[in-house]
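**Q** Letter by letter, the chains look like this.
There are 2 protein chains.
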Amino acid sequence: MRAELINPFLNATINVLRTMCQTVPTPGAPILKPSNQTWGAVTGIISMTSPTINGSLVISFQEKTIISIVNKMFAESNSEVTPEIVDAVGEITNMICGGAKQHLGELGHHITMASPVMIRGQGVVIVQHSKAPTIQIPIATPEGSFVIEANLA
Amino acid sequence: MRAELINPFLNATINVLRTMCQTVPTPGAPILKPSNQTWGAVTGIISMTSPTINGSLVISFQEKTIISIVNKMFAESNSEVTPEIVDAVGEITNMICGGAKQHLGELGHHITMASPVMIRGQGVVIVQHSKAPTIQIPIATPEGSFVIEANLA
Numbered sequence: 202m203r204a205e206l207i208n209p210f211l212n213a214t215i216n217v218l219r220t221m222c223q224t225v226p227t228p229g230a231p232i233l234k235p236s237n238q239t240w241g242a243v244t245g246i247i248s249m250t251s252p253t254i255n256g257s258l259v260i261s262f263q264e265k266t267i268i269s270i271v272n273k274m275f276a277e278s279n280s281e282v283t284p285e286i287v288d289a290v291g292e293i294t295n296m297i298c299g300g301a302k303q304h305l306g307e308l309g310h311h312i313t314m315a316s317p318v319m320i321r322g323q324g325v326v327i328v329q330h331s332k333a334p335t336i337q338i339p340i341a342t343p344e345g346s347f348v349i350e351a352n353l354a
Numbered sequence: 202m203r204a205e206l207i208n209p210f211l212n213a214t215i216n217v218l219r220t221m222c223q224t225v226p227t228p229g230a231p232i233l234k235p236s237n238q239t240w241g242a243v244t245g246i247i248s249m250t251s252p253t254i255n256g257s258l259v260i261s262f263q264e265k266t267i268i269s270i271v272n273k274m275f276a277e278s279n280s281e282v283t284p285e286i287v288d289a290v291g292e293i294t295n296m297i298c299g300g301a302k303q304h305l306g307e308l309g310h311h312i313t314m315a316s317p318v319m320i321r322g323q324g325v326v327i328v329q330h331s332k333a334p335t336i337q338i339p340i341a342t343p344e345g346s347f348v349i350e351a352n353l354a
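Each protein sequence line maps, in turn, to chains Z and A.
The opening position of the first sequence corresponds to residue 202 in my numbering, with each subsequent residue numbered one higher.
The opening position of the second sequence corresponds to residue 202 in my numbering, with each subsequent residue numbered one higher.
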């Protein structure tokens with residue numbers, strides 16, 4: 202997968218987290234995803250199609266990370282993952298993909314985004330129906346860690 | 202969700218299973234999905250978008266059902282769920298959605314299908330980012346049971 206395809210998602214992730222969640226994300230080095238399991242406790246998946254690229258964006262949060270981020274977003278004091286927090290992961294996934302969509306459009310990739318699907322549980326096996334490798338980028342924030350994963354071909 | 206939206210998926214499911222898997226599916230009565238957990242051990246999800254409807258199709262197989270169906274399809278003798286069987290669930294999901302797409306087009310709904318994503322494990326919590334109810338239809342075959350679920354709005 203070319204860097205020009207992953208960068209719009211990375212930039213959108215940083216923008217969304219900075220703007221909506223008032224947190225400062227620090228991306229680590231991209232790796233090939235070493236398994237087909239969910240990395241964190243709450244995971245958002247969004248599928249994308251276009252005449253030029255197809256694939257998915259995954260964003261997967263440690264439990265404490267997403268609780269802290271959502272508490273900060275909405276000035277709440279949740280201590281566990283609620284349905285509203287799972288919904289917020291869907292919204293964050295949507296916003297990141299929406300931001301990336303605009304940049305990808307400028308690169309000539311006019312994607313259609315599906316609605317996100319959220320999955321609970323770490324280590325759940327999720328198999329992409331794609332021969333393309335999945336790139337995983339770890340992201341650190343003061344609230345904890347999460348990853349984004351892109352599978353685009 | 203209107204019956205005119207669910208029927209194309211049901212008809213396509215029956216056609217695909219009859220044609221590709223040489224089995225005779227008997228649908229039961231549709232119900233509102235009583236939980237947000239995966240029904241079976243191997244589940245395929247496909248997202249769809251169109252100017253008129255958005256949503257997802259889920260197909261979820263009991264372990265013994267999908268092993269028997271794939272063994273029949275490819276004249277194999279698997280006794281457990283292999284990566285090829287998970288891939289076959291993606292293909293079956295794709296084919297059902299492709300069949301439904303054609304009928305939905307005739308009804309004026311010109312959908313774009315994303316690539317399917319497959320999930321392993323029964324009882325995995327999957328949350329649709331949608332206010333629409335999910336309709337679940339149980340389907341019996343000589344090989345065992347499965348369900349299809351449609352969430353379309």
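Watch out, some of these pointers could steer you wrong.
As the list makes no split between identical chains, a pair holds if one copy fits it or if it spans any two.
[Unchecked claim] Pairs of lysine to aspartate or glutamate residues, derived as EDC-like cross-links and limited to a Cα-Cα distance of at most 16 Å, are as follows:
1) Lys332 x Glu292
2) Lys234 x Asp288
3) Lys302 x Glu205
4) Lys332 x Asp288
5) Lys265 x Glu281
6) Lys302 x Glu285
7) Lys234 x Glu292
8) Lys332 x Glu285
9) Lys302 x Glu292
Since the hints were made in silico from the structure, they are not lab data.
Here the structure is a predicted model, which means the values were calculated and not measured.
**Q** If you check each hint against the structure, which ones fail?
**A** 2, 6, 7
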